[in-house]
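The whole structure should be built from the sequences, with the hints applied where relevant.
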Amino acid sequence: TWCSSDLQAYNCLIHFYKRVIVMTEYDDLLATSAGYESDSSGGDTDEELKEAFAAGLIKPGLNVIGDAPEKKVAKNNTSAMKQKLAEMQKNLPWIERLDLINTPAPLAPELAFKEDLHGKERATVLKQAKAGVSLEEDVVHNDFKREMMFYRQAQAAVMEALPRLHSMNIKTKRPEDYFAQMAKTDEHMNKIRTKLLSKEQGQERAEKVSKLRELKKYGKKVQIEVQQKRLKEKKDMMDEMKKIRKGQGGNMDFLESKGKVKEGKGDNRGAAGKRNAKDKKFGYGGKKDKRNDKKSSDDVSGFKPFNKGAGGGGAKAGRGGKKLGKGANSRPGKGKRDKMKNHNKK
Amino acid sequence: MVTKSQKRPHTATQPTEEVEVVPLTRTSDEPPAKQVKWTNKTRVLVLAARGISFRGRHLMDDIFQMMPHAKSDSKMQKKESLFAVNEIAEMKNCSRCLLIEGRRKRDVFLWAATVARGPSVKFEVENIHTMAELKMTGNCLAASRPLLSFSPNFSDEMHWQVVKELLTGIFSVPNHHPKSQPFFDHVYTFSIVDGKVWFRNYQIIEEDGALAEIGPRMVLNPIKIFDGAFCGQTLWENSTYVTPCAKRSLLKRVKAGKYQQKLASKAAYEASRPTESTYKVDETEEVFNTIEKEEEEWADAGKEKKRFSQVKKIKKKKKHSKAKA
Chain P
1 TWCSSDLQAY
11 NCLIHFYKRV
21 IVMTEYDDLL
31 ATSAGYESDS
41 SGGDTDEELK
51 EAFAAGLIKP
61 GLNVIGDAPE
71 KKVAKNNTSA
81 MKQKLAEMQK
91 NLPWIERLDL
101 INTPAPLAPE
111 LAFKEDLHGK
121 ERATVLKQAK
131 AGVSLEEDVV
141 HNDFKREMMF
151 YRQAQAAVME
161 ALPRLHSMNI
171 KTKRPEDYFA
181 QMAKTDEHMN
191 KIRTKLLSKE
201 QGQERAEKVS
211 KLRELKKYGK
221 KVQIEVQQKR
231 LKEKKDMMDE
241 MKKIRKGQGG
251 NMDFLESKGK
261 VKEGKGDNRG
271 AAGKRNAKDK
281 KFGYGGKKDK
291 RNDKKSSDDV
301 SGFKPFNKGA
311 GGGGAKAGRG
321 GKKLGKGANS
331 RPGKGKRDKM
341 KNHNKK
Chain E
1001 MVTKSQKRPH
1011 TATQPTEEVE
1021 VVPLTRTSDE
1031 PPAKQVKWTN
1041 KTRVLVLAAR
1051 GISFRGRHLM
1061 DDIFQMMPHA
1071 KSDSKMQKKE
1081 SLFAVNEIAE
1091 MKNCSRCLLI
1101 EGRRKRDVFL
1111 WAATVARGPS
1121 VKFEVENIHT
1131 MAELKMTGNC
1141 LAASRPLLSF
1151 SPNFSDEMHW
1161 QVVKELLTGI
1171 FSVPNHHPKS
1181 QPFFDHVYTF
1191 SIVDGKVWFR
1201 NYQIIEEDGA
1211 LAEIGPRMVL
1221 NPIKIFDGAF
1231 CGQTLWENST
1241 YVTPCAKRSL
1251 LKRVKAGKYQ
1261 QKLASKAAYE
1271 ASRPTESTYK
1281 VDETEEVFNT
1291 IEKEEEEWAD
1301 AGKEKKRFSQ
1311 VKKIKKKKKH
1321 SKAKA
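Order-wise, the sequence lines are chains P and E. The first sequence: position 103 = 103 (the numbering used here), numbered continuously. To convert a position in the second sequence, counted from 1, into the numbering used here, add 1000.
These aren't lab readings, by the way, just hints derived from the structure by calculation. Any given hint could be a false lead.
[Stated by the list, open to error] With a straight-line Cα cutoff of 20 Å, these simulated PhoX-like cross-link-like pairs (lysine-lysine) come out: (1) E:K1224 - P:K72; (2) E:K1041 - P:K82; (3) E:K1135 - P:K145; (4) P:K114 - E:K1135; (5) P:K75 - E:K1224; (6) P:K145 - E:K1179; (7) E:K1224 - P:K71; (8) E:K1196 - E:K1224; (9) P:K171 - E:K1179; (10) P:K220 - P:K208; (11) P:K195 - E:K1135; (12) E:K1179 - P:K173; (13) P:K191 - E:K1135; (14) P:K90 - E:K1037; (15) P:K90 - E:K1041; (16) P:K234 - P:K171; (17) E:K1034 - E:K1135.
Structure, rendered in structure tokens:
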């Protein structure tokens, strides 16, 4: 059996579901009244929809049945325009109008070079900026190319029109002594000139600075090379000299002048010259080389042979070297001295 | 302004074979000789409407200065409709008109019209650079006749042909115009790129093709072509035209969209995150794990305790050694 609350909940549920049914019926009513049929020509069933999609009648996305929004058709009244054009044209001779239709002139090598240069500059800038924009999409380079096109179009017009005018015996070139009012005032042209000059000067300065920097680098390189060369020469010379001193004979080639005999210290005038001369005569004359080289450290000819214990093993010969070397005044070792010592201090 | 007396005679355009016999005396009351050679009497009215900013005004001044066959007038009031410009033109005896209009002190529009009954075109002017910019290094005679150069795509479609005809009629200076100067030293180029007309003005430095830009520079975006002057039926509409206001609002919307986009993506991420673990979890497996887990935990805790105690001992040792020493 159910309690009252359960009954209430059950009733609510029933009402809810009823409402749902009613709503769906209402929807059907609406649908039918609006004229939507369950089987429209587009197809409600899945197969029909698939066929329509394959045929290209329906596009992916939400398809709504109804009137498509009106496409705005731009007006283009060609016939009326033709008529108007005919009215407008007064059939004036060319000399009155001076109009030409030109394609851009062929690209001159200087212009091609400028374009290349600009392209390279922009490429480096884009790389640095890491904008991810290729050169073809770069706005600045495209602008430059567009301006080049207009320039070439104007050139083509000039190439066509001026000979034509010359053929009509019309002078086209302004003589140098013809002074008349110009479109821009002289002051303005002066301003332009100063600006161009300052730009040029700035460029020159930048070039100079960069050249100096390059030169410095190069100079530094050269300096290091020369220093190293000198050190190497000195080392070689010292080695040869050592060899000669130790009696192994070596090349004395360095004594012969190699063509560039450099003095130790360049200045030879006045007090410095006197000092130089004295140094050469008395000072640093053959620096004593008090360091061992390989041969001298291996040399044991100066040591006497050690005979204690009638040769207590050849191994001792090396170890006993200390005592052997001392001779008459040999001092006993630490152990011996310790033993000899009186440890009775306390 | 160069007065008539200061100007040199047009000796360049007159053939040198004819020798004019000038009378020895001439009275000053005689009217000046009629200009027989000047037949093409088009005049252009160059006008501005209120709401124009300095850039548009300078552009208008530059254009006016370069056209000796142009007449200017005071600013047109907003109250009068555009059609009133026709009357002003009639009064000044002008057959063509160039009206420069400004909106919100930002956008500049240009009307080019043949006054009587001819077609008119409305352009939006973009990318204005006036003659006064220091990068425009060229210079030319103020009133010399320009050469007009059009790119080949002007003959493609009907509306471009109409535009070409209008621009030719307005910008070409009539032959033997009394205010014009001889010699040909500058060329206007009109090119169509992206459906817009790009205008450039170059000085002819050398006859073999060296040029320098004089300015001004502008890009004309055609909006509509009308049947009559400032009125009438629309003959042609630009389907790709977007008003400058629409452009600005789109940009703003894109910028505003950033924050909304961020919020939306955040919400989507939160929504799509799996609340439960994505790998298969069999809950019955854990039933037997509880004790071991606890033991492990205790063991871990024990290890940590051990470590701590060791550390404590070391620290104690150190302390003791320090105290001793």
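A quick look at each hint next to the structure:
no. : hint              : result
1   : E:K1224 - P:K72   : holds (15 Å)
2   : E:K1041 - P:K82   : violated (25 Å)
3   : E:K1135 - P:K145  : holds (17 Å)
4   : P:K114 - E:K1135  : holds (17 Å)
5   : P:K75 - E:K1224   : holds (9 Å)
6   : P:K145 - E:K1179  : violated (37 Å)
7   : E:K1224 - P:K71   : holds (19 Å)
8   : E:K1196 - E:K1224 : holds (13 Å)
9   : P:K171 - E:K1179  : holds (18 Å)
10  : P:K220 - P:K208   : holds (18 Å)
11  : P:K195 - E:K1135  : holds (9 Å)
12  : E:K1179 - P:K173  : holds (19 Å)
13  : P:K191 - E:K1135  : holds (11 Å)
14  : P:K90 - E:K1037   : holds (18 Å)
15  : P:K90 - E:K1041   : holds (12 Å)
16  : P:K234 - P:K171   : violated (81 Å)
17  : E:K1034 - E:K1135 : violated (43 Å)
This entry does not satisfy hints 2, 6, 16 and 17, going by the numbered hints stated previously.
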